[in-house]
Amino acid sequence: MTIFLTIAVIVLIYIVIFQIAKASEYVSVLKGEDVSRKQNNKINGFLMVAFMILGLIGVWYCNKLYFHKTLLAVDSASVEGAHVDSMLWITIGVTGSVFVITQMILFWFAYKYQESDKRKVFYFPHNNKLEVLWTIVPAIVLTVLVIYGLRNWFLFTGEPPKNAMVVEVTGKQFNWIFRYPGKDGAFGKKYFKNIDEATNNLGLIWDDQLSHDDVITDKMYLIKGRPVKLIIGSRDVIHDVGLSHFRLKMDAVPGIPTTLWFTPKYTTKEMKDLTNNPNFVYEISCDQMCGNSHYSMKGIIEVVDQEEYDVWMAKQKPQYFTAFPDKDPSKPADSTGTKTAAKPVALNTKAVAKM
Amino acid sequence: MTRAGGVIADNRTIKDQSMSNEAVIHSPVEVAAHDEHGEHHHHHETFITKYVFSQDHKMIAKQFLITGMFWAVLGGLMSVLFRLQLGYPDASFPWLETILGKWAPGGHITPAAYYALVTTHGTVLVFFVLTAGLSGTFANFLIPLQVGARDMASPFLNMLSYWFFFTASIVMLSSIFVETGPFSGGWTAYPPLSALGDASPGSQTGMDLWLISMALFVVSSLLGGLNYIATILNMRTKGMSMTRLPLTIWALFFTAVLGVLSFPVLFSGFILLIFDRNFGTSFYLSDIFVNGVGALPNEGGSAILYQHLFWFLGHPEVYIILLPAMGMASEILSVNSRKPIFGYMAMIGSLFAIAILAFLVWAHHMFVTGLNPFLGSIFVLLTLLIAVPSAIKVFNWLTTLWRGNIRFTPGMMFAIGFVSLFISGGLTGIWLGNSALDIHLHDTYFVIAHFHIVMGVSSMFGMFAGIYHWFPKMYGRYLNNTVSYIHFWITIAGAYMIFWPMHYEGLAGMPRRYFDYSNWESFKNFVELNRFISTVAMIVFAAQILFLINFFYSIFKGRKVTSLNPWGANTLEWTTPLRPGHGNWPGEIPEVHRWPYDYGKDGTEFIPQTTPVGADESHH
Chain A
1 MTIFLTIAVI VLIYIVIFQI AKASEYVSVL KGEDVSRKQN NKINGFLMVA
51 FMILGLIGVW YCNKLYFHKT LLAVDSASVE GAHVDSMLWI TIGVTGSVFV
101 ITQMILFWFA YKYQESDKRK VFYFPHNNKL EVLWTIVPAI VLTVLVIYGL
151 RNWFLFTGEP PKNAMVVEVT GKQFNWIFRY PGKDGAFGKK YFKNIDEATN
201 NLGLIWDDQL SHDDVITDKM YLIKGRPVKL IIGSRDVIHD VGLSHFRLKM
251 DAVPGIPTTL WFTPKYTTKE MKDLTNNPNF VYEISCDQMC GNSHYSMKGI
301 IEVVDQEEYD VWMAKQKPQY FTAFPDKDPS KPADSTGTKT AAKPVALNTK
351 AVAKM
Chain B
1001 MTRAGGVIAD NRTIKDQSMS NEAVIHSPVE VAAHDEHGEH HHHHETFITK
1051 YVFSQDHKMI AKQFLITGMF WAVLGGLMSV LFRLQLGYPD ASFPWLETIL
1101 GKWAPGGHIT PAAYYALVTT HGTVLVFFVL TAGLSGTFAN FLIPLQVGAR
1151 DMASPFLNML SYWFFFTASI VMLSSIFVET GPFSGGWTAY PPLSALGDAS
1201 PGSQTGMDLW LISMALFVVS SLLGGLNYIA TILNMRTKGM SMTRLPLTIW
1251 ALFFTAVLGV LSFPVLFSGF ILLIFDRNFG TSFYLSDIFV NGVGALPNEG
1301 GSAILYQHLF WFLGHPEVYI ILLPAMGMAS EILSVNSRKP IFGYMAMIGS
1351 LFAIAILAFL VWAHHMFVTG LNPFLGSIFV LLTLLIAVPS AIKVFNWLTT
1401 LWRGNIRFTP GMMFAIGFVS LFISGGLTGI WLGNSALDIH LHDTYFVIAH
1451 FHIVMGVSSM FGMFAGIYHW FPKMYGRYLN NTVSYIHFWI TIAGAYMIFW
1501 PMHYEGLAGM PRRYFDYSNW ESFKNFVELN RFISTVAMIV FAAQILFLIN
1551 FFYSIFKGRK VTSLNPWGAN TLEWTTPLRP GHGNWPGEIP EVHRWPYDYG
1601 KDGTEFIPQT TPVGADESHH
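These protein sequence lines map, in sequence, to chains A and B.
At position 181 of the first sequence the residue is numbered 181 (my numbering), and the sequence of numbers has no breaks.
At position 408 of the second sequence the residue is numbered 1408 (my numbering), and the sequence of numbers has no breaks.
Please note: incorrect hints may appear among the correct ones.
[Said to hold, decoys possible] Think about it this way: if two alpha-carbon atoms lie no more than 27 Å apart in a straight line, the pair counts; the simulated BS3-like pairs of lysine-lysine are:
1) A:K183 to A:K317
2) A:K224 to A:K269
3) A:K22 to B:K1560
4) A:K31 to B:K1560
5) A:K42 to B:K1050
6) A:K315 to A:K272
7) B:K1062 to A:K22
8) B:K1524 to A:K219
9) B:K1557 to B:K1062
10) A:K298 to B:K1557
11) A:K269 to A:K69
12) B:K1050 to B:K1062
13) A:K120 to B:K1601
14) A:K129 to A:K162
15) B:K1560 to A:K38
16) A:K269 to B:K1524
17) B:K1601 to A:K38
18) B:K1601 to A:K118
19) A:K31 to A:K64
20) A:K272 to B:K1524
21) B:K1524 to A:K64
22) A:K120 to A:K42
23) A:K129 to A:K112
24) A:K315 to A:K298
25) A:K112 to B:K1601
26) A:K118 to A:K42
27) A:K69 to B:K1524
28) A:K38 to A:K64
29) B:K1557 to A:K31
30) A:K31 to A:K112
31) A:K219 to A:K317
32) A:K112 to A:K38
33) B:K1560 to A:K42
34) A:K112 to A:K219
35) A:K129 to B:K1601
36) A:K38 to B:K1524
37) A:K42 to A:K112
38) B:K1557 to A:K22
39) A:K193 to A:K224
40) A:K193 to A:K183
It is worth saying that the hints were derived from the structure and are not from the lab.
Whole structure, please, built from the sequences with the hints as guidance.
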């Protein structure tokens, strides 16, 4: 019934608008084409300038309502992301002023030069000086933006610092798998045909000794202030590691590993205070359409300090022991388990990029 | 060469060193009969040859327009449905189940339906509405009329172009009713997702139909494009040198060139995808383990290869959509400012620069695919370079308005709206084209805001401007002014209210193509804004229905046009009879003596192109 009523109301509104429009057309025919054209011109000329003013107020109001919800309102969570932010501000400055000036000129001209019997049109087909002016000025401004942008681009895509730790990130429908290289600091080889969902979800090659201490987790732990290099891949379709708080992202492509590095600046706990949000977590959002549950493909990053990281890492068990429980030294004797936990520092300092 | 009815003979002769296209249609007696009775009885055409398998470029243009409008309504309706999900994720709408059945159990659309809607919306709007509906309509309608030709170079291929598009439409439409649903992997159809039916149900039969439809569409677009180029180059009337062409024709010319050079690349990309899907090849596939299926045998392919092939069309496609709108806006701004377009040669030059650069920037869609950073830096440079010709165009449009005598016809309103939206959307291109910012903003709502404003809505405004401006020539009647103004103001205000706030969502990192944000700590605080956007989207959609009513009502019942040249324009289409028949001019094709923008020259209001240059006329 409500649907019927809604439809009836909508149809009625259409009919009313249309009848008024028809009536005004008849009136304008009676008045004469010229008179009604001038009347329409006046109304629309006024609306042009009104639209500009209301529009600019709207822009200001929108900014007031939503700026604090953008990431620009919070400091970047990575050292490198701060460069993105400063670049954003410069670009906002440049494009924002061009936006305001050109829109004001456009609608002001529309208002100012609306048809009038008194005005004689200025026949002004071309002027090379003006053309040169607005070729060169944008070209110079853009050159500056390009230079500034490329400096950052080569920083982001360049080699990470020597002390960077390495984490492998693999996307699959619809979650993320993280791999740490273990004590030897090097990843074992893998082959996708070895993948076994229960015991070997990345398809590690057990013949490769390097794989025996590789740790596979479902959360990514990073150390505050320590650069991290991500080696990104996918098990099925294309995904994307979206790190909005760190201001970076990179696709996960099956068969073609990609990399990304950054330096976390704040621990998760510090970000909770910084954002005034006790529920804050670093989320990895999949930013490349990957199937019907794309919207739920979430990964969690915990940025912690070195100590907390060491404690966490000590608790992780290499995948190898899940695949071959009989080889697990912690199973028969509990003492070996505590032994690994005692030397965590040595364990992670070796985790340097080997790719 | 014989045409419908076999009456028109086409003898091309070269006179006075300029190419001309003189055709003798009828004896003078027949011509007189034409003028009196309009189009109704010539060529002894049947309903089929006149309205269905017509070879008249004007009828084909109308066919493209109305098919395009059908898709625009359907595509728009789809966006309303998925905006309903985004704006009211918790609400249940029982009527949705009534129309969508199993895709909306309990009045709640499923993620699969959501992604199918998003994908079909994108595909349909980009290709069927803004490519076929826009350049199909106006290239067909305006090229012969404005260059002074009887018809296209090949009216038969032109007809085929429409019917390939029509078939593509039917196939695309049928994909919506497939058991496993239409394709749902996004309009860019990146493999492996689009190649693997096991990874997404939409990639099964729906994707096969999608590919067939797109292949047919490419054929349609090539047949049309080759025809447009041939007509513009070879069939201009006497005196119509290239530098006397209206800017609409220049824009449509570059559009056709872009299409002809880039659509075949897309086609090749699709062929490889069809092979990967059906014949076990590995062009795009490697190292894949599908949940529930296991490891696939494919090795050695590259998923990124597809993206290169796709965007090699995909980026020029943006300009295929935008250039006709630019051309029409230039023409309409000049006519209604009663002032010549400022910097005619600079306008052609910037169109040319954009057309060339359009081929050299495709990888800016791929900054985050792991592409070589050096390659990326070249694409940053070339991408931001496009801002220069774009800036030239904007400043030239502004200068055209300056000290004019502006008449706010509905067409003019939309042309001004086009410039406003082009500025707004173009400027955010400077953000996204800079790879270091793209690495943050890529695939967020910022991108949605950017391309909807600069390519979607602004081209749509160009299209509306064209429809309002040339409707009197198409149907011999006017659209209702009051409804047109209401349509304009709701649409421009609504477009800004929908897409402007999306920049903020993008700056918050909110990803595109998410069915639901409520489980995301980072993105869930835009509930109210999303609701606002969805509500405005519905109002704007309702305003488009108003336009549709106006359009179809006015075709039959609109106020009749009584003046041959209602806008006081200089171009050739306004020298034809009120309702031109097949062949456009009953007598000889008029000769052209000047450029099309002599408005306000030497105190005259306008001087049509057909007026010879007076002895005492000043040079511009």
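How the hints compare with the structure:
1. Our distance criterion of 27 Å between C-alpha atoms is met by K183 (chain A) and K317 (chain A), whose separation comes to about 12 Å.
2. This hinted pair checks out: K224 (chain A) and K269 (chain A) have alpha carbons roughly 11 Å apart, not beyond 27 Å.
3. Our distance criterion of 27 Å between C-alpha atoms is met by K22 (chain A) and K1560 (chain B), whose separation comes to about 14 Å.
4. Of the pairs offered as hints, the one joining K31 (chain A) and K1560 (chain B) holds, with about 17 Å between alpha carbons and a cut-off of 27 Å not exceeded.
5. For the given pair, K42 (chain A) sits about 43 Å from K1050 (chain B) by alpha-carbon distance, which is inconsistent with the 27 Å threshold.
6. Annotation: proposed proximity of K315 (chain A) to K272 (chain A) holds, straight-line Cα distance about 25 Å (limit 27 Å).
7. Taken as a hint, the K1062 (chain B) and K22 (chain A) pair is honoured in the structure, with Cα atoms around 25 Å apart against an allowance of 27 Å.
8. A C-alpha spacing of about 21 Å is found between K1524 (chain B) and K219 (chain A), which places the hinted pair at or below 27 Å, so the restraint holds.
9. Restraint check for K1557 (chain B) and K1062 (chain B): the C-alpha separation of about 17 Å stays at or below 27 Å, so the hint holds.
10. For the hint pairing K298 (chain A) with K1557 (chain B), the CA-to-CA distance comes to about 57 Å; that exceeds 27 Å, so the pair is violated.
11. Between the alpha carbons of K269 (chain A) and K69 (chain A) the distance comes to roughly 19 Å, so the proposed pair stays at or under 27 Å and holds.
12. A threshold of 27 Å between alpha carbons decides the hint, and for K1050 (chain B) with K1062 (chain B) the separation of about 12 Å falls inside it, so the pair holds.
13. Annotation: proposed proximity of K120 (chain A) to K1601 (chain B) holds, straight-line Cα distance about 10 Å (limit 27 Å).
14. With a CA separation close to 53 Å, the supplied pair K129 (chain A) and K162 (chain A) exceeds the 27 Å bound.
15. Note on K1560 (chain B) and K38 (chain A): the hinted pairing holds, with a Cα-Cα distance of about 20 Å set against a maximum of 27 Å.
16. For the proposed pair K269 (chain A) and K1524 (chain B), the alpha carbon gap of about 20 Å is at most 27 Å, so the pair holds.
17. The straight-line distance between the Cα atoms of K1601 (chain B) and K38 (chain A) is roughly 23 Å, inside the 27 Å bound, and the hint therefore holds.
18. Proximity of K1601 (chain B) to K118 (chain A) is assessed by CA-CA distance (about 16 Å); at most 27 Å being required, the pair is judged to hold.
19. At roughly 47 Å between alpha-carbon atoms, K31 (chain A) and K64 (chain A) are farther apart than 27 Å, so this suggested pair is violated.
20. Between the alpha carbons of K272 (chain A) and K1524 (chain B) the distance comes to roughly 16 Å, so the proposed pair stays at or under 27 Å and holds.
21. Distance check on the hinted pair: K1524 (chain B) and K64 (chain A) sit about 19 Å apart at the alpha-carbon level, within 27 Å; holds.
22. Between the alpha carbons of K120 (chain A) and K42 (chain A) the distance comes to roughly 18 Å, so the proposed pair stays at or under 27 Å and holds.
23. For the proposed pair K129 (chain A) and K112 (chain A), the alpha carbon gap of about 25 Å is at most 27 Å, so the pair holds.
24. A C-alpha spacing of about 23 Å is found between K315 (chain A) and K298 (chain A), which places the hinted pair at or below 27 Å, so the restraint holds.
25. At most 27 Å may separate the alpha-carbon atoms for a hinted pair to count; K112 (chain A) and K1601 (chain B) meet this at roughly 21 Å.
26. Only pairs whose Cα atoms come within 27 Å are accepted, and K118 (chain A) paired with K42 (chain A) is accepted, the gap being roughly 15 Å.
27. For the suggested pair K69 (chain A) and K1524 (chain B), the alpha carbons sit about 10 Å apart, so the restraint of at most 27 Å is met.
28. A C-alpha spacing of about 39 Å is found between K38 (chain A) and K64 (chain A), which places the hinted pair above 27 Å, so the restraint is violated.
29. With a CA separation close to 20 Å, the supplied pair K1557 (chain B) and K31 (chain A) stays within the 27 Å bound.
30. With a C-alpha separation of about 25 Å, the suggested pair K31 (chain A) and K112 (chain A) falls inside the 27 Å cut-off, and the hint holds.
31. The straight-line distance between the Cα atoms of K219 (chain A) and K317 (chain A) is roughly 14 Å, inside the 27 Å bound, and the hint therefore holds.
32. For the proposed pair K112 (chain A) and K38 (chain A), the alpha carbon gap of about 14 Å is at most 27 Å, so the pair holds.
33. Between K1560 (chain B) and K42 (chain A) the alpha-carbon distance is near 24 Å, which keeps this suggested pair within the 27 Å criterion.
34. Distance restraint check for K112 (chain A) and K219 (chain A): the Cα-Cα separation of roughly 61 Å exceeds the 27 Å cut-off, and the hinted pair is therefore not satisfied.
35. Annotation: proposed proximity of K129 (chain A) to K1601 (chain B) holds, straight-line Cα distance about 21 Å (limit 27 Å).
36. Distance hint between K38 (chain A) and K1524 (chain B) is unfulfilled; the C-alpha atoms sit about 50 Å from each other, more than 27 Å.
37. Distance check on the hinted pair: K42 (chain A) and K112 (chain A) sit about 11 Å apart at the alpha-carbon level, within 27 Å; holds.
38. Simply put, K1557 (chain B) and K22 (chain A) have alpha-carbon atoms about 11 Å apart, close enough for the 27 Å limit, and the pair holds.
39. Of the supplied pair hints, the one linking K193 (chain A) and K224 (chain A) is violated, its CA atoms being roughly 36 Å apart against a limit of 27 Å.
40. Restraint check for K193 (chain A) and K183 (chain A): the C-alpha separation of about 26 Å stays at or below 27 Å, so the hint holds.
The structure fails to meet hints 5, 10, 14, 19, 28, 34, 36 and 39 from the earlier list, while all remaining hints are met.
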